[in-house]
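J.: Residues per chain, in single letters:
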Amino acid sequence: AQSVTQLDSHVSVSEGTPVLLRCNYSSSYSPSLFWYVQHPNKGLQLLLKYTSAATLVKGINGFEAEFKKSETSFHLTKPSAHMSDAAEYFCVVSDLDDYKLSFGAGTTVTVRA
Amino acid sequence: GAGVSQTPSNKVTEKGKYVELRCDPISGHTALYWYRQSLGQGPEFLIYFQGTGAADDSGLPNDRFFAVRPEGSVSTLKIQRTERGDSAVYLCASSLGTAVEETQYFGPGTRLLVL
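Sequences listed follow chains A and B, in order.
Count the first sequence with my numbering and you get residues 1 to 113, in order.
Count the second sequence with my numbering and you get residues 1 to 115, in order.
Keep in mind that the hints are not guaranteed to be accurate.
[Claimed, not checked] Label-pair restraints from in silico Cβ distances:
no.	chain 1	residue 1	chain 2	residue 2	range
1	B	Arg64	A	Thr55	39 to 47 Å
2	A	Ser26	B	Leu115	35 to 43 Å
3	B	Asp57	A	Ala105	23 to 31 Å
Keep in mind the hints are simulated off the structure, nothing from the lab.
Glycine included, each C-beta is placed from N, C-alpha and C at the ideal position.
Put together the whole structure using the sequences plus the hints.
T.: Structure, rendered in structure tokens:
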């Protein structure tokens, strides 16, 4: 069975500074990994996904994540935070060819002006 | 184009009552999923439809929960004899197919409060 652990429940950054959201996963097989973002009163939106291709994955809005099998990690980064990045971020795993998504508990990002 | 829509956006009910939550997937998406998100947690899988049939209902917590998709499009999640522990946000998602390359697109959710 697959699972993810998001290491930070809350991250606060200043506008214009880097953002790092940490995620470790556990999977029995070759995993697929995703990051979703949830803005208040909006649906979950896919930021990026890793499905056994390039280990450095670029997503929307300047986010990227690196799959590190040796560390079982899939951390999300952005070089410069924007006020609009304030939201809840979920790291998600599924086993290869499995439609079920297993979500982490989420990381709340606040951006200070 | 139109995304996944869910109605109602909020539902308040009393313990013991019956509720129905509706999901309109993106047109042409054959796969539909229901997830439940409790306060402070990530969404948890409930059930998956491929077309009209429930291909996997292993996430439904008990037999008070039931979901249908009679024409392979709109789906309804039904909860009988609601309990306070059922309070959560119920999310619906749809995708073109079930391959992992197919992105699941989520609706805004229905926030259910059982008093």
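J.: For every hint, state whether the structure bears it out.
T.: Status of each hint after checking the structure:
1. Arg64(B) with Thr55(A): 39 to 47 Å: 44 Å, holds
2. Ser26(A) with Leu115(B): 35 to 43 Å: Distance hint for Ser26(A), Leu115(B) holds at roughly 38 Å.
3. Asp57(B) with Ala105(A): 23 to 31 Å: Holds, since Asp57(B) and Ala105(A) (Cβ atoms, about 24 Å apart) stay within the stated range.
In summary, this structure violates none of the numbered hints.
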